[in-house]
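Chain residues, written in single-letter form:
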Amino acid sequence: MLNAANPADPMLRIAGLNSWYGESHILHGVDFDVREGEVVTLLGRNGAGKTTTMKSIMGLVPRREGSIRFKGAETASMRPDGIARAGIAFCPEERGIFASLSVTENLMLPPQIAPGGMSVAEIYTLFPNLKERSGSQGTKLSGGEQQMLAIGRILRTGARLLLLDEPTEGLAPVIVQQIGRTIREIKARGFTVLLVEQNFRFAATVADRHYVMEHGRVIDMIPNSELSANMDKLHEYLGV
Amino acid sequence: MISIFGVPGPLLFGQLSLGLINGAFYALLSLGLAVIFGMLNIINFAHGALFMLGAFASWMLLVPNTWLAMISPGLSVPDWLSLGYWPALVVAPVLVGAFGLLLERTVIRRLYKLDHLYGLLLTFGMALIIEGLARNAFGSSGMPYRTPDALQGPVNLGFMFMPKYRLWVLLAAGGMCLLTWFLIERTQLGARLRAATENPDLVQAFGVNVPRMISLTYAGGVALAAFAGVLAAPIYSVNPNMGSNFIITVFAVVVIGGMGSILGSIVTGFGLGIVEGLTKVFYPQASATVIFVVMVIVLLARPAGLFGKAA
Ligand SMILES: Nc1ncnc2c1ncn2[C@@H]1O[C@H](COP(=O)(O)OP(=O)(O)O)[C@@H](O)[C@H]1O
Ligand SMILES: [Mg+2]
Chain A
1 MLNAANPADP MLRIAGLNSW YGESHILHGV DFDVREGEVV TLLGRNGAGK
51 TTTMKSIMGL VPRREGSIRF KGAETASMRP DGIARAGIAF CPEERGIFAS
101 LSVTENLMLP PQIAPGGMSV AEIYTLFPNL KERSGSQGTK LSGGEQQMLA
151 IGRILRTGAR LLLLDEPTEG LAPVIVQQIG RTIREIKARG FTVLLVEQNF
201 RFAATVADRH YVMEHGRVID MIPNSELSAN MDKLHEYLGV
Chain B
1 MISIFGVPGP LLFGQLSLGL INGAFYALLS LGLAVIFGML NIINFAHGAL
51 FMLGAFASWM LLVPNTWLAM ISPGLSVPDW LSLGYWPALV VAPVLVGAFG
101 LLLERTVIRR LYKLDHLYGL LLTFGMALII EGLARNAFGS SGMPYRTPDA
151 LQGPVNLGFM FMPKYRLWVL LAAGGMCLLT WFLIERTQLG ARLRAATENP
201 DLVQAFGVNV PRMISLTYAG GVALAAFAGV LAAPIYSVNP NMGSNFIITV
251 FAVVVIGGMG SILGSIVTGF GLGIVEGLTK VFYPQASATV IFVVMVIVLL
301 ARPAGLFGKA A
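Sequence order for the protein chains is A and B.
Under this note's numbering, think of the first position of the first sequence as 1, with each following residue one higher.
Under this note's numbering, think of the first position of the second sequence as 1, with each following residue one higher.
Because the hints were derived from the structure by calculation, they are not lab data.
Everything numeric in this text was worked out from a predicted model, so none of it was measured.
Accuracy of the hints is not assured; some may be wrong.
Claimed, not checked - Beta-carbon label-pair distances, calculated as ranges: (1) ARG217/A with PRO211/B: 27 to 37 Å; (2) ASN199/B with PRO115/A: 37 to 47 Å; (3) SER82/B with ALA73/A: 47 to 57 Å; (4) GLY180/A with ASN199/B: 23 to 33 Å; (5) ASN156/B with GLU132/A: 52 to 62 Å; (6) TRP86/B with PRO62/A: 46 to 56 Å; (7) ARG189/A with LEU183/B: 57 to 67 Å.
Claimed, not checked - Some chain B residues close to chain A (C-beta under 10 Å, calculated; not the full set): (8) ARG194; (9) ASN199; (10) ASN209; (11) VAL210.
Heads up, the beta-carbon is just placed ideally off N, CA and C, and yes, glycines get one too.
In isolation and in its complexed conformation, chain A is listed as follows (with noise of 0.2 Å):
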């Protein structure tokens, strides 16, 4: 069979990814592949299409074209309820709190797609701040807050791949901590993490593998452990 999984295949496997937004072609060839319980960073500046890559794989960009495998199926043409159902959950740069439902709505919003996904009570514990406020607006907790909400709430639905969008994006520094012990964690339970990171020096914290991304396209793939020997470079593609 075509789509049968194979031991050897990665989880994830993405072959010459191209995107478009109506007439703008974002993605040019996009190539990387995360194994499981790996946590791997997209790495780039601003602009570089690390966003557009993960709405790619959920499905959420107007147009894409190339290869997608996930567990060995190929997603590229599936809709977005269809690709959450096999198993990939996305918290994405915006946060995505819900105005009109209270964070304990938000929490349960996403429907459960397998079993083996964290309970409440364990999402509670990683964030203890949610319980005290579960009855809030989801939108009036602080920035911190919503972040947490936003990676608890895709914590418990059972899928396996996480994609994370700049999670420590615009958050004080007890918080970013608290976000990375949260993907180490996480990791520790088995979850596969695909993460986008500006903050290489948090990337760092967390990672297996870095890929660098550069106008639509992946340019280099860094072993976290030789991250130091190449520091260099990294200033240089990331422009800092």
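Using the hints, position chain B with the ligands against chain A.
What follows is chain B with the ligands alone, placed relative to chain A:
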């Protein structure tokens, strides 16, 4: 005899109860409009026609063989299909709701990416077609609909006598409004609906079949209109224009309550029915225009409506 502000009690209460009845229909109809607008971003001008279809469906389910014989002599169905009023309360909304589902699947969904105006024009056109077909088939004089036996006669409320059927309409419409409010504001399904109103793409990316949810929401809003139609059948004669008579006022109610607000449409619907009833007592000359006067005042003071969120 008691009198209030120089008005005899029975007159006041009588008009008040009539106002409440109208208010019940305003509430049910504007509630359906609000649900549909929230989810589909379409101002459903076909709502009045679908209300009328609900009344007709109910009338047709009463004794199918009378109108079947009108269409073609000799045409008939078994007597057990003469469902009568009570089953029609469920069956008519289901049938008309299914028709709404068909409309959404075939034509309305083609407009989601376009401006509001297109949805308004399309549904307005659909209303004209549906009403025109009904006029062709049944004429415009209207069919009588006998109040069900169990609800004949008046009931003594202590301070007034009220026809049992009107009391029933108030309870049924109020109950249906509460049920809809509960479903949307207090259940998990409702939370998904509210979320999809805000950001349908993200809700779909969580694994919810949003296109199906949109179709069912339209069908649900249409079923509410049809339910109102069944309730209305014994009060107003069942005729092809009964929807368009109502719908202009209902749109004023929607504007006053605030486009898309669930609670707003319920409260405003009943409230304006009462205002209309009281105007009939104290200043009858203004009773036909009072709602539009309120609309102008509200629009000047709060352009987003009483319960609407400013854009
Ligand atoms: N909805 C959109 N419509 C048109 N262009 C877009 C849209 N979203 C992003 N872009 C463009 O696509 C490019 C990549 O954006 P994005 O994927 O958000 O980059 P990153 O996440 O790496 O900062 C940018 O040039 C951006 O202007
Ligand atoms: Mg981005």
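Results of checking the hints against the structure:
no. : hint                               : in the structure
1   : ARG217/A with PRO211/B: 27 to 37 Å : holds, 33 Å
2   : ASN199/B with PRO115/A: 37 to 47 Å : violated, 27 Å
3   : SER82/B with ALA73/A: 47 to 57 Å   : holds, 54 Å
4   : GLY180/A with ASN199/B: 23 to 33 Å : holds, 27 Å
5   : ASN156/B with GLU132/A: 52 to 62 Å : holds, 54 Å
6   : TRP86/B with PRO62/A: 46 to 56 Å   : holds, 50 Å
7   : ARG189/A with LEU183/B: 57 to 67 Å : violated, 36 Å
8   : ARG194                             : holds, 4 Å
9   : ASN199                             : holds, 6 Å
10  : ASN209                             : holds, 5 Å
11  : VAL210                             : holds, 7 Å
Of the numbered hints listed earlier, those contradicted by the structure are 2, 7.
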